[in-house]
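J.: In case you want the letters, here they are:
Number of protein chains: 10
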Amino acid sequence: MLAMVQMNVRIPLDFDKQEAERLKTHEKQRFQELQRAGKWRHIWRVVGRYANVSIFDVESNSELHDILTSLPLYPFMEMEVTPLCRHPSSLHEDDR
Amino acid sequence: MLAMVQMNVRIPLDFDKQEAERLKTHEKQRFQELQRAGKWRHIWRVVGRYANVSIFDVESNSELHDILTSLPLYPFMEMEVTPLCRHPSSLHEDDR
Amino acid sequence: MLAMVQMNVRIPLDFDKQEAERLKTHEKQRFQELQRAGKWRHIWRVVGRYANVSIFDVESNSELHDILTSLPLYPFMEMEVTPLCRHPSSLHEDDR
Amino acid sequence: MLAMVQMNVRIPLDFDKQEAERLKTHEKQRFQELQRAGKWRHIWRVVGRYANVSIFDVESNSELHDILTSLPLYPFMEMEVTPLCRHPSSLHEDDR
Amino acid sequence: MLAMVQMNVRIPLDFDKQEAERLKTHEKQRFQELQRAGKWRHIWRVVGRYANVSIFDVESNSELHDILTSLPLYPFMEMEVTPLCRHPSSLHEDDR
Amino acid sequence: MLAMVQMNVRIPLDFDKQEAERLKTHEKQRFQELQRAGKWRHIWRVVGRYANVSIFDVESNSELHDILTSLPLYPFMEMEVTPLCRHPSSLHEDDR
Amino acid sequence: MLAMVQMNVRIPLDFDKQEAERLKTHEKQRFQELQRAGKWRHIWRVVGRYANVSIFDVESNSELHDILTSLPLYPFMEMEVTPLCRHPSSLHEDDR
Amino acid sequence: MLAMVQMNVRIPLDFDKQEAERLKTHEKQRFQELQRAGKWRHIWRVVGRYANVSIFDVESNSELHDILTSLPLYPFMEMEVTPLCRHPSSLHEDDR
Amino acid sequence: MLAMVQMNVRIPLDFDKQEAERLKTHEKQRFQELQRAGKWRHIWRVVGRYANVSIFDVESNSELHDILTSLPLYPFMEMEVTPLCRHPSSLHEDDR
Amino acid sequence: MLAMVQMNVRIPLDFDKQEAERLKTHEKQRFQELQRAGKWRHIWRVVGRYANVSIFDVESNSELHDILTSLPLYPFMEMEVTPLCRHPSSLHEDDR
Chain A
1 MLAMVQMNVR
11 IPLDFDKQEA
21 ERLKTHEKQR
31 FQELQRAGKW
41 RHIWRVVGRY
51 ANVSIFDVES
61 NSELHDILTS
71 LPLYPFMEME
81 VTPLCRHPSS
91 LHEDDR
Chain B
1 MLAMVQMNVR
11 IPLDFDKQEA
21 ERLKTHEKQR
31 FQELQRAGKW
41 RHIWRVVGRY
51 ANVSIFDVES
61 NSELHDILTS
71 LPLYPFMEME
81 VTPLCRHPSS
91 LHEDDR
Chain C
1 MLAMVQMNVR
11 IPLDFDKQEA
21 ERLKTHEKQR
31 FQELQRAGKW
41 RHIWRVVGRY
51 ANVSIFDVES
61 NSELHDILTS
71 LPLYPFMEME
81 VTPLCRHPSS
91 LHEDDR
Chain D
1 MLAMVQMNVR
11 IPLDFDKQEA
21 ERLKTHEKQR
31 FQELQRAGKW
41 RHIWRVVGRY
51 ANVSIFDVES
61 NSELHDILTS
71 LPLYPFMEME
81 VTPLCRHPSS
91 LHEDDR
Chain E
1 MLAMVQMNVR
11 IPLDFDKQEA
21 ERLKTHEKQR
31 FQELQRAGKW
41 RHIWRVVGRY
51 ANVSIFDVES
61 NSELHDILTS
71 LPLYPFMEME
81 VTPLCRHPSS
91 LHEDDR
Chain F
1 MLAMVQMNVR
11 IPLDFDKQEA
21 ERLKTHEKQR
31 FQELQRAGKW
41 RHIWRVVGRY
51 ANVSIFDVES
61 NSELHDILTS
71 LPLYPFMEME
81 VTPLCRHPSS
91 LHEDDR
Chain G
1 MLAMVQMNVR
11 IPLDFDKQEA
21 ERLKTHEKQR
31 FQELQRAGKW
41 RHIWRVVGRY
51 ANVSIFDVES
61 NSELHDILTS
71 LPLYPFMEME
81 VTPLCRHPSS
91 LHEDDR
Chain H
1 MLAMVQMNVR
11 IPLDFDKQEA
21 ERLKTHEKQR
31 FQELQRAGKW
41 RHIWRVVGRY
51 ANVSIFDVES
61 NSELHDILTS
71 LPLYPFMEME
81 VTPLCRHPSS
91 LHEDDR
Chain I
1 MLAMVQMNVR
11 IPLDFDKQEA
21 ERLKTHEKQR
31 FQELQRAGKW
41 RHIWRVVGRY
51 ANVSIFDVES
61 NSELHDILTS
71 LPLYPFMEME
81 VTPLCRHPSS
91 LHEDDR
Chain J
1 MLAMVQMNVR
11 IPLDFDKQEA
21 ERLKTHEKQR
31 FQELQRAGKW
41 RHIWRVVGRY
51 ANVSIFDVES
61 NSELHDILTS
71 LPLYPFMEME
81 VTPLCRHPSS
91 LHEDDR
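Residue numbers (the UniProt record's numbering), protein chains in the order written: chain A, 1 to 96; chain B, 1 to 96; chain C, 1 to 96; chain D, 1 to 96; chain E, 1 to 96; chain F, 1 to 96; chain G, 1 to 96; chain H, 1 to 96; chain I, 1 to 96; chain J, 1 to 96.
In short, the hints are calculated from the structure, not lab data.
These figures come from a predicted structure and were not determined experimentally.
Even for Gly, the Cβ is constructed at its ideal location relative to N, Cα and C.
Keep in mind that the hints are not guaranteed to be accurate.
Here are some chain E residues the structure puts well away from chain G; computed CB gaps all over 12 Å [unchecked claim]:
#, residue
1, D14
2, Q29
3, L34
4, R45
5, S62
6, S70
7, E80
Covered by chain J, according to a simulated footprint, are these stretches of chain B (three or more residues, beta-carbon under 8 Å) [stated by the list, open to error]:
#, segment
8, 19-33
9, 79-85
Capping the alpha-carbon separation at 30 Å, the derived lysine-lysine pairs in DSBU-like fashion look like this [stated by the list, open to error]:
#, chain 1, residue 1, chain 2, residue 2
10, J, K39, H, K24
11, D, K24, F, K39
12, J, K17, H, K17
13, E, K17, E, K28
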């Protein structure tokens with residue numbers, strides 16, 4: 001099941017810098033774990049913003065919800081989820 | 001140079017059906033040509049809508065503009081272009 | 001896989017009345033077929049508008065896309081799809 | 001009387017964690033009480049967000065107002081209420 | 001059951017003038033019938049626009065839906081329905 | 001002179017509870033004074049929100065401005081003012 | 001009674017040019033009549049658009065409604081009305 | 001050079017009352033100075049809000065920018081600037 | 001006097017192709033005339049859209065209004081005008 | 001590669017004044033460095049707001065992202081990036 005997730009991160013100006021760094025490190029570890037597992041298929045940065053466009057490939061909506069809401073930076077994120085499906089014209093196997 | 005392009009297609013209800021089919025066939029050919037050339041990196045359908053989310057990888061903004069505005073269905077499309085760049089945490093080579 | 005679909009119908013004022021009735025009859029038949037199959041789980045009318053709120057329970061995003069885009073009234077509809085999942089507090093089995 | 005209520009919860013980052021847990025537990029109890037009473041007919045989670053889509057079946061607008069504004073998490077919620085009615089095509093008795 | 005309905009009327013510039021007058025006359029008759037029956041409690045014009053703010057007092061959402069969608073000018077209207085309830089501070093009996 | 005005023009109240013979560021109660025009591029007194037004077041013609045609650053829809057009948061825009069900005073809860077309110085006038089079809093004297 | 005009215009004019013591309021000129025001439029006559037009468041106090045063009053910002057000074061909302069809806073170009077206009085009142089700091093008599 | 005400036009003032013609830021009064025007094029002085037100089041041509045209050053609609057007549061955009069950003073209440077204001085020009089139909093000399 | 005103008009062009013699908021080409025040729029001539037005169041200082045295309053971002057440097061708002069509304073493609077354009085002024089940090093003479 | 005960047009700056013009212021001045025000085029130095037390098041091609045102030053419209057000419061989206069996110073005032077800015085390309089009608093070499 002494919003979905004695009006657009007994530008915007010807003011960490012308050014007065015949030016503890018060290019704690020923020022710790023959360024970002026955890027976020028990166030979790031992200032790479034999910035990338036290796038094939039769940040978090042793609043990620044790109046949005047130019048000029050602390051934001052990304054991501055493509056997920058998961059078993060179910062519940063799995064996606066659990067993945068997203070347990071991200072270390074989740075409390076600082078606004079998320080928009082767009083359900084996608086394979087485009088019949090695509091020649092690429094991995095645009096499934 | 002990476003960019004996300006969100007395309008929405010609106011063909012008027014009274015538009016000639018045969019002409020529409022002819023344009024869709026050309027659109028598909030042009031799309032696959034660009035996909036094979038590595039310019040149109042990804043495409044996914046947006047569930048429930050005549051719309052797609054696409055990722056382009058081009059030499060320049062001008063090349064992207066020329067590709068998009070010469071699509072056979074361009075006169076029926078609304079497009080939103082979001083400039084992207086590689087995410088430093090990504091382990092995938094092709095999320096460049 | 002659960003999703004809320006909000007459908008708004010706009011049939012142009014000058015559209016052929018008989019053809020509109022024919023399409024509405026087909027829409028109703030197709031709807032009831034999908035309701036019996038358990039795919040179109042719920043439907044409610046939005047007060048004062050030619051619109052509905054529906055809950056779908058399907059195998060995949062692709063199945064949902066195929067169902068929605070093949071509805072007889074689809075060319076006259078604007079759709080908004082919101083992916084849902086079971087709420088852990090719910091006591092009802094069928095809010096799965 | 002049927003209504004869809006879309007609830008978004010925003011608990012401030014610096015809100016006391018224990019108090020938040022206490023309120024969530026009360027919210028769940030109150031929700032299940034109302035679900036058993038048949039007032040809160042359905043609830044689903046919105047994927048990736050601390051939000052739900054709910055269907056209420058109440059005696060009157062006043063009853064709905066009292067139910068919603070006395071929820072333990074009400075001070076942290078934004079609510080959008082959409083009045084619904086039974087769809088004449090529905091075969092399901094409980095889409096009343 | 002109380003509701004505010006905000007109605008905006010847009011009759012196309014090229015719509016037949018006589019037919020428009022006929023519909024407006026029917027609209028007025030139907031309005032006054034509903035006003036006398038106590039269903040359409042209040043109506044006010046919005047300054048500078050072909051629009052009104054109305055208060056309805058009906059038995060159910062279904063009754064409101066049937067009233068609104070059978071108005072002679074309904075095909076030309078956009079409607080926004082806001083569910084209301086009596087304000088506990090009001091001293092007026094008829095703000096029920 | 002008639003106007004609809006839509007008032008939304010937002011009292012910050014950490015605002016002193018006793019002071020809030022004191023302001024609400026004053027607000028109610030002031031409201032009923034204005035209702036008795038015939039200035040604040042109608043008030044209804046918006047279901048599920050700390051908000052109301054009100055109809056004012058005043059001598060002038062200046063009088064309305066003075067009434068609204070001197071309400072005890074004014075500093076916590078967002079207001080939208082829509083100028084209205086009597087609808088010529090209305091049979092009710094008091095929809096003046 | 002003071003009000004700002006923002007008027008946007010949209011005459012369809014295929015509207016009869018002569019009829020449009022005739023309406024514009026009538027509009028100008030009616031405008032100057034109202035300006036001389038002191039009702040239409042000010043008018044300014046919005047740069048780059050077929051639009052104006054106007055200040056009216058009328059007896060009542062009803063008078064304003066009648067003036068606006070009887071303008072020759074009214075069927076082609078979108079209007080936004082903002083009720084104003086004299087600013088207490090103003091030294092100018094005619095900002096009443 | 002004419003411009004409409006719409007100013008909305010938001011002073012935080014916990015801002016020092018005396019300091020706010022001091023700033024408002026300075027704002028009024030500065031306003032009247034500019035009004036006398038013919039720069040701040042008109043000002044009106046927006047009913048029910050701490051906001052105004054103003055017309056400026058200045059030498060240049062830079063002069064307008066300097067005037068607006070040096071207002072004592074500027075840090076609490078949101079401003080929207082709309083460039084205007086004389087309307088050719090106006091009979092009033094001072095709508096220049 | 002500097003201003004940014006964002007122009008979006010929408011030529012209807014069924015508009016005469018030859019007439020459109022004729023208007024585009026005139027538009028280009030007029031543009032280059034204004035560019036040579038130093039009035040139309042800059043122009044850039046917006047990627048993927050029939051739109052541009054332009055910078056004008058004119059004597060007055062009236063001059064800008066006359067230039068914009070007399071463009072051959074003006075009837076097909078939506079324009080947004082943003083008044084600008086020189087940035088004090090700029091080292092470039094021509095960012096005046 | 002050309003892009004328009006619209007930057008809005010919001011420094012909280014209670015932010016340390018000296019630190020703000022220090023950041024603004026650094027911002028100006030960094031800006032002029034980038035202007036001299038030909039990366040930050042143009043900058044203009046938006047009248048009445050702490051905001052600018054800028055044109056960048058960079059090697060890649062990644063370079064633009066690095067430039068923008070490392071600006072001293074970046075944590076206080078909201079940015080909107082619009083990809084541009086040379087307009088074929090332009091006679092100016094530097095509108096490349």
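J.: Would you check whether the claim that S70 of chain E is not at the interface survives, using Cβ distances to chain G and the 12 Å cut-off?
T.: 27 Å, holds
J.: Assess, step by step, whether the Cα of K24 of chain D is no farther than 30 Å from the Cα of K39 of chain F, and give holds or violated.
T.: It is violated: about 43 Å lies between the C-alpha atoms, which goes past 30 Å.
J.: With the threshold set at 30 Å, check whether the alpha-carbon distance from K17 of chain E to K28 of chain E stays at or below it.
T.: 17 Å, holds
J.: Would you assess whether R45 of chain E, listed as outside the interface, keeps its beta-carbon beyond 12 Å of every beta-carbon in chain G?
T.: Given that some Cβ of chain G is not farther than 12 Å from that of R45 of chain E, nearest at about 6 Å, it is violated.
J.: At 12 Å, judged by beta carbons, does Q29 of chain E keep clear of chain G as stated?
T.: Holds, because the least Cβ-Cβ distance between Q29 of chain E and chain G comes to about 22 Å, which exceeds 12 Å.
J.: Taken at face value, is the distance from the CA of K24 of chain H to the CA of K39 of chain J at most 30 Å?
T.: Between K39 of chain J and K24 of chain H the Cα gap is close to 43 Å, so the pair fails against 30 Å, i.e. violated.
J.: With 12 Å as the threshold, tell me whether L34 of chain E passes as away from chain G on beta-carbon distances.
T.: 23 Å, holds
J.: Examine the segment 19-33 of chain B for residues whose CB is less than 8 Å from any CB of chain J, and state whether their number is three or more.
T.: violated (count 0)
J.: Check, residue by residue, whether the segment 79-85 of chain B contains three or more positions whose beta-carbon lies closer than 8 Å to a beta-carbon of chain J, and give the verdict.
T.: holds (count 4)
J.: With the threshold set at 30 Å, check whether the alpha-carbon distance from K17 of chain J to K17 of chain H stays at or below it.
T.: 21 Å, holds
J.: Minimum C-beta separation from E80 of chain E to chain G exceeding 12 Å: can you confirm that?
T.: Nearest chain G Cβ is 17 Å from E80 of chain E, so the label holds.
J.: Closest CB-CB distance from S62 of chain E to chain G, is it above 12 Å?
T.: 34 Å, holds
Hint check: violations occur at hints 1, 4, 8, 10 and 11; the rest are consistent with the structure.
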